[in-house]
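K.L.:
In case you want the letters, here they are:
Protein chains: 4
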Amino acid sequence: MSAPKKVVLAYSGGLDTSIILKWLQTEYGCEVVTFTADLGQGEELEPARKKAELLGIKPENIYIEDVREEFVRDFVFPMFRANAQYEGLYLLGTSIARPLISKRLIEIAEETGADAVAHGATGKGNDQVRFELAAYALNPDIKVIAPWREWDLTSRTRLIDFAEQNQIPIAKDKRGEAPFSVDANLLHTSSEGKVLEDPAVMAPDYVFQRTVHPEDAPDTPEYIEIDFEKGDPVAINGEAMSPATMLTALNEYGRKHGIGRLDLVEGRFVGMKSRGIYETPGGTILIEAHRGIESITMDRGAMHLKDELMPKYAELIYNGFWYSPEREMLQAAIDLSQEHVTGTVRVKLYKGLASTVGRWSEHSLYSEEHVTFEEDAGAYDQKDAAGFIQLQALRLKLIAMRNKRVGG
Amino acid sequence: MSAPKKVVLAYSGGLDTSIILKWLQTEYGCEVVTFTADLGQGEELEPARKKAELLGIKPENIYIEDVREEFVRDFVFPMFRANAQYEGLYLLGTSIARPLISKRLIEIAEETGADAVAHGATGKGNDQVRFELAAYALNPDIKVIAPWREWDLTSRTRLIDFAEQNQIPIAKDKRGEAPFSVDANLLHTSSEGKVLEDPAVMAPDYVFQRTVHPEDAPDTPEYIEIDFEKGDPVAINGEAMSPATMLTALNEYGRKHGIGRLDLVEGRFVGMKSRGIYETPGGTILIEAHRGIESITMDRGAMHLKDELMPKYAELIYNGFWYSPEREMLQAAIDLSQEHVTGTVRVKLYKGLASTVGRWSEHSLYSEEHVTFEEDAGAYDQKDAAGFIQLQALRLKLIAMRNKRVGG
Amino acid sequence: MSAPKKVVLAYSGGLDTSIILKWLQTEYGCEVVTFTADLGQGEELEPARKKAELLGIKPENIYIEDVREEFVRDFVFPMFRANAQYEGLYLLGTSIARPLISKRLIEIAEETGADAVAHGATGKGNDQVRFELAAYALNPDIKVIAPWREWDLTSRTRLIDFAEQNQIPIAKDKRGEAPFSVDANLLHTSSEGKVLEDPAVMAPDYVFQRTVHPEDAPDTPEYIEIDFEKGDPVAINGEAMSPATMLTALNEYGRKHGIGRLDLVEGRFVGMKSRGIYETPGGTILIEAHRGIESITMDRGAMHLKDELMPKYAELIYNGFWYSPEREMLQAAIDLSQEHVTGTVRVKLYKGLASTVGRWSEHSLYSEEHVTFEEDAGAYDQKDAAGFIQLQALRLKLIAMRNKRVGG
Amino acid sequence: MSAPKKVVLAYSGGLDTSIILKWLQTEYGCEVVTFTADLGQGEELEPARKKAELLGIKPENIYIEDVREEFVRDFVFPMFRANAQYEGLYLLGTSIARPLISKRLIEIAEETGADAVAHGATGKGNDQVRFELAAYALNPDIKVIAPWREWDLTSRTRLIDFAEQNQIPIAKDKRGEAPFSVDANLLHTSSEGKVLEDPAVMAPDYVFQRTVHPEDAPDTPEYIEIDFEKGDPVAINGEAMSPATMLTALNEYGRKHGIGRLDLVEGRFVGMKSRGIYETPGGTILIEAHRGIESITMDRGAMHLKDELMPKYAELIYNGFWYSPEREMLQAAIDLSQEHVTGTVRVKLYKGLASTVGRWSEHSLYSEEHVTFEEDAGAYDQKDAAGFIQLQALRLKLIAMRNKRVGG
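Chains as they are written, first to last, in the UniProt record's numbering: chain L, 1 to 408; chain R, 1 to 408; chain E, 1 to 408; chain F, 1 to 408.
A hint or two may mislead.
All copies of an identical chain are treated as equivalent in the list; a pair is satisfied when it fits inside any one copy or across any two copies.
[As the list claims (entries may be wrong)] Here are the computed lysine to any residue pairs in the SDA-like style, where the Cα-Cα straight-line distance is at most 20 Å:
(1) K348 with H213
(2) K256 with D219
(3) K103 with N403
(4) K404 with E107
(5) K143 with Y28
(6) K383 with R268
(7) K312 with Q331
(8) K312 with F162
(9) K230 with E328
(10) K194 with F373
(11) K6 with I64
(12) K312 with L336
In short, the hints are calculated from the structure, not lab data.
Go ahead and model the full structure; you've got the sequences and the hints to work with.
P.N.:
Okay, structure coming up:
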């Protein structure tokens, strides 16, 4: 790879990406463009602008954007249509944000004539893969720089030294090692590393940042009604909301009731297992409610197919293949399944648990007439079941007859 | 089908199966053998013996058996090795009991020279299918009698009339319609029908029989440690237990903490949707803990394959195909995956929620050495990730280059 | 089911469906509308009109239509995009025609105000299921009449008697039993039953009607070039063709070279196994060529997903679920995968075998630059493979280390 | 990676691996152990011994072994039980040999106290991955040396120079570039590269080494009968054979009749597409016959599951994951499905085509009694089909009713 001339950096404004910014300038002598996105991580973005300017970035090279609506509308909601859970449990809060960041990096590179993009993910994690696969899928000629895999700033001391030598301001609390590492966006907050590295040891209370402890949540349950249209939530208690507003509101409900905590050991794409603490308050309510509305509006055949496809779909997102033909194929199938996933779900929120307790819809496939224990006025002829069972059983009988004949 | 001469009836001792018993005698003039199983449904069995005798069954034709250990060891635990959940949520508590009952019916038919078996499931539900597919798979020549699909006792009044005409004792509270229908065994209690038929309406509190309301559960969390060996739980807090004892103990923990309630609309095999309230206290703790121990002891490749197979496996059990070659094939794969699923999980129980908060094992694949944020002494070379990503990206780059060339 | 008033009958003009026509008139006293479709079965349709008139059908109730283009365009080609083969081998020639027939039956019922449709499939086969599932999916209120399951004309003698009593003309060669049963359309001819019922015995030569014996095919291979656009064939040797013309031309190539014979024992949806002789001359060339063009234009990720979905897709079509949400979901995924399946395949035809021997495309993903054994000018860095393998191996190493530690 | 002290080299005795041998000695100054396996590639092994001795390998460090029986019994036959075909067509002839070679390399390393193994696969192909994943899975501490990824002998000229400088004998025909690259074993011969690199251009006749041209094959078909036991072929025309003898005999039949040629563009695991010419004469007959015997002895449920699992199974073998828990899980399922795959298949061999034309078995599930067009004496009640269809249709009707109500 030839040296980059102009690099678009995913820049948070924090110490680490500031060091990367400076390192790119000094190591490659290249022009740096910064991209700082509001994905709902809950931090002010304007300080990032000031810091970028301080580090010598030209004003026209500083991109600061609120992408929350795009994030929820084009990434989070499509994923929730699939009820995606990696390894049965993880709601993919970090994974789903990466392709959007890469997409904007590539677009900004095109706008600014940059030939490279850079990110601050380490060489051990999944995020490097997600950033880079998305970048290459969108621009096969782009250079991707991952300083953590390249440089020799391999200890906290060296990083701090480099920062001091390069006049990078260091917040007082960043001098020492953080007790764990955090990633956050509108969908979730993840914490990992350091004090969390022994999966036998319970996560300390101070790790949780996004939700109250279930023990501290209200002693009275709260009930909310979520309206869905074609698989996406559109209103709470009758109040229509944009995608990001919806997720923000669900997050607040979840936070208050201690909902969405997950202590998980997961298999990383790069081969080792890692332990993470995830808080996905709104997402945890959303998946419960989405299953609730699907349960009355989606046909069994469609649902079972969708359930079979889900693990692969979740794996693709986890592994960074958002921009791959196979993810898009699965999305096409999933989206089609949502055409009638429209209606309302009533969810109970209480002490860490979100539970569907009612659901109704114009699009319902539930037929009280058919299922009733009462007289059904001929809707269903129980005698049909005899023939149904006989033909379902035929192949099993033929096996049994064969096995009786030959043993086994 | 020629008329049966001797029928083994799955007999609970309750009013409905007593009516069936008498109807078989009168309709077919055949000898009846009763089989009453203790599957952990929480009812005394000896009254069933008395009632059977009263209805004229010869003592040698009355089979009453405690099959709880077999049920949990050979049916429940193998199923939990798969983390089976039908339509993403249902732990299959009713489904998994049916093949065991059919197996004993067929065995008793063989012992007693009976040519038929009979069950009390209706023509609208899944249970008729489960009973009958299992029966035919085990004995292709058996006759199966499903009185609910045959007789004309199609209203409560007619049933009561028939009972009175035939001197069948009727408990006072059975004269009227039950407000909902119940099935129970050691794994779960299900309630459906009548007051539960409108899926928009919350289940009344009195429906729940197996768990305290989360609101009434202890205000303080309880922590338990569950030991697993090859995928099955073997001890709680260090105390070894037999399978049925284990599930009984987990049920008590779950009951106390209000764990395992599920309000579900599901797609029945016979084609319509139905709404059920399930209480699976111990099973809900068990699946959480099982996932917890798998998370450190099972390889990612094995786990993802297992997750992809699960929906089909669950569907097979739900649909009544326990005794089918494809269920056995999946079981062989699943069981092999459990060879190293041995170790301990710490679970927090609180107000309806069971959460893994720690796990450890001699068989762990988690390597702190590899995953650490600290210096890893060469266990992992971050530069490998660059090559890994390049080759993962190659096909995506080739697509992007093609699309740039031809559009699309 | 109340008696039908007006029935649309899938009418071939042959003896059996003529008997059905008359039986419907006499049994139900209902008005009959006939629908005779040219699906490419190679028979004149006008005799069916005359015969219908002779049997008292009003002219406005006689529908005779050439649906060959619709058949190939909307049913055959979409299916071939999936490379669908039931049980690994069967190209689904009969299965794929049934939903189209049912669709027209239902449409004609609507146009003519009929309340029922009728078909001539027996109660043992798959076709009854396919006809009826499609009919019910398109009109849930329609009545479907399957005379073979209802009437008492259960022997050849009775059928002939009924025909004679009702003045139905009987072709001389139809008095006796046919030595086997045939179904044909533009995609294939299937033969089954009677002389073919013992699967150990080779099919007699006279069974084959659609292809020359490979031994009689030309001694010199023929090469053709097939152009594809978005997964469908559009030209042969540069000559553009409509869908039905394309399949007709491929059939002629296949016929001449003895291509597309299959002697299969298959598992029917209704539970037993049956043996069929299939001749699919054009379809066999088409699937080979389609795989050929996919091999250079379709990404590995998309292709492997498609290969995994195919068996379920083929099963759905075989079982009659063309009009089901899950088939449509799979179709959406498959169709998306074909966006770039455009280009040309060279196929060798010789003595029963169609073999891809060359393929090229503007949309090709094949990169000689990357794959070459020669100097590749940096397109691919072989050192990347080392990192790729290390990370692929990491989980296997962790398993091996664990197993070394604990055994197993 | 520290320098290896003793290396076990997969040694063919050819020029390239002789150069590697010498390079290992000079580059690392390490002791070399050679392993030369007879996998049925059709070359004498003793010259490899002489050459190794000439290059200074101690006699006790020269391992020459005939592993053909193990290869077919433990690798080829288990794979054929799955009907494995990568990307729908490739019978995995190269892929399946690699794990066996790695297994022996690792075992010999243990016996000889070697700390490393080496292979002659390049950095662009799949074989490096297969060799190395298998090696690491069997010994996580082994070092693997892949000289083609390390050295600077990047042109034919440099290789020849190195050989001459190191007194490595060079066969006259090896001085120039071979027109294509070949790999062979008892299962297949693959050819790729150079003259085959343009996938539009037909493979020249001289590429084919293992089969006669179909045009030159006998003008008369030959019929053979293959006996299977539990999924593996055990006799031809009644003559029992060991696994390797069986495959050798099938190869001779295939060779003679021009069977098993495949011209394929495939997606490599390392990301690019490549074009290969494969000849798998015996394997092509075997998969046809295996499907034939499965068609009467294997239940539909088992077969369809197996068909759905196959693409993943084939991909695992292609990608080098033979020694992975997920391949072993799938194998357990597949092997269980073969318990009754016992019986005889009659195959017609003619001009490139192997076709099943008859099959019979004591284990057959085919029931002429059930399928017959004749009177079936009550084996099957056609009226059952009505109920079967009604319940299969119920969910489709409910969808149709819903869609009629709300549109869509």
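K.L.:
All hints are to be evaluated individually against the structure, with a verdict given for each.
P.N.:
Verification of the hints:
no.: 1; hint: K348 with H213; in the structure: both (17 Å within a copy, 13 Å between copies)
no.: 2; hint: K256 with D219; in the structure: both (11 Å within a copy, 17 Å between copies)
no.: 3; hint: K103 with N403; in the structure: between (59 Å within a copy, 16 Å between copies)
no.: 4; hint: K404 with E107; in the structure: between (68 Å within a copy, 15 Å between copies)
no.: 5; hint: K143 with Y28; in the structure: within (13 Å within a copy, 35 Å between copies)
no.: 6; hint: K383 with R268; in the structure: between (52 Å within a copy, 16 Å between copies)
no.: 7; hint: K312 with Q331; in the structure: both (11 Å within a copy, 18 Å between copies)
no.: 8; hint: K312 with F162; in the structure: neither (42 Å within a copy, 48 Å between copies)
no.: 9; hint: K230 with E328; in the structure: both (18 Å within a copy, 16 Å between copies)
no.: 10; hint: K194 with F373; in the structure: between (57 Å within a copy, 7 Å between copies)
no.: 11; hint: K6 with I64; in the structure: within (18 Å within a copy, 57 Å between copies)
no.: 12; hint: K312 with L336; in the structure: both (18 Å within a copy, 18 Å between copies)
Going through the hint list in order, the structure does not satisfy hint 8, though it satisfies all others.
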